[in-house]
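Could you build all of it, start to finish, from the sequences and the hints given here?
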Amino acid sequence: MLEIERTGPLLIYQQIIDWMRQQISSGIWPEHFRLPSEIDLADELSVSRGTVRKAISQMIDEGILVSIHGKGTFVASSTLEQPLAEQLVAFSEALIERNIPFTTRVLRQELVIPEQRIASLLAATPKTNVFWLERVRSIRQNPIAYFINIVNPKHCQGIESVDFTKYRLFDTLETHFKLELGWGQRTFQAQAADEHVADVLNITFCDPVMYMEQLLYLREGQPIEYSMVWYRGASFRVSSMVKRGEIRGLNKNTLIIEPS
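In the working numbering, the protein residues as written are 9 to 268.
If you're looking for bench data, these hints aren't it; they were derived computationally from the structure. Think of the CB as a built atom: it goes at the ideal place given N, C-alpha and C, for glycine as much as any other residue. Treat the hints with caution; some may be incorrect.
Claimed, not checked - Straight-line distance between alpha carbons at most 25 Å, and here's what the computed DSS-like set of lysine-lysine pairs gives:
id, residue 1, residue 2
1, Lys186, Lys79
2, Lys186, Lys162
3, Lys174, Lys162
4, Lys186, Lys174
5, Lys79, Lys162
6, Lys162, Lys135
Claimed, not checked - Derived CB-CB ranges, DEER-like:
id, residue 1, residue 2, range
7, Pro109, Ala200, 26 to 32 Å
8, Arg148, Asp207, 45 to 51 Å
9, Gly16, Asp51, 19 to 25 Å
10, Glu52, Leu189, 27 to 33 Å
Shown next, in the form of structure tokens:
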């Protein structure tokens, strides 16, 4: 924890900025990590809330942090990101909505000790278990998407016993564990499939895939699930309608799935 030098030449808010930069560069605060509230940070550092706010504001101005109204302050991504959707819809829900039958194969399902970055994103206590779920979704026997979902079991004890060949993750969290899913943060990136992803999706090494990361929050604001998803490039694309005006963003979004 930062020890504030109150008599040194460096202003207190600048010391806080330097400390936050260190938290980010060391990976303790990874990309998309939600910072503690200004009040909590002020208490933790034994400084005024105004000093913390000044430090955060400067880092927002520098593009290192980003503030989302009603959600909090987050570590900004190092790559350009553009929002593509306004509704939190699971891949399986999109398939069901379009009456596309699919199958699910579970590759791995267990409690594991996560790496520091994952523990930070999920606000998990260091060196405690999280739930790791690895699955493949197929359409007409063709693998379409490869999922790794990591859940903080603090909010859903016993989730490792659920049969995820039969039950969907979002539905399990909401129906079985009575959790209220609030919102999520998604990023997309074009990638070339590595050997493992290519093997799972039954494609050729270096074939194009669409990679997605998601951090899901409960309505009360606690992070509940972090996921990494690889979609077959030939079977997935995002289409959106945009409007230029007072509201900056997307008015209508469509997930298009093209079974091979």
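Evaluation of the provided hints:
no. : hint                        : in the structure
1   : Lys186 x Lys79              : 22 Å, holds
2   : Lys186 x Lys162             : 13 Å, holds
3   : Lys174 x Lys162             : 23 Å, holds
4   : Lys186 x Lys174             : 18 Å, holds
5   : Lys79 x Lys162              : 21 Å, holds
6   : Lys162 x Lys135             : 13 Å, holds
7   : Pro109 x Ala200: 26 to 32 Å : 30 Å, holds
8   : Arg148 x Asp207: 45 to 51 Å : 19 Å, violated
9   : Gly16 x Asp51: 19 to 25 Å   : 22 Å, holds
10  : Glu52 x Leu189: 27 to 33 Å  : 28 Å, holds
Going through the hint list in order, the structure does not satisfy hint 8, though it satisfies all others.
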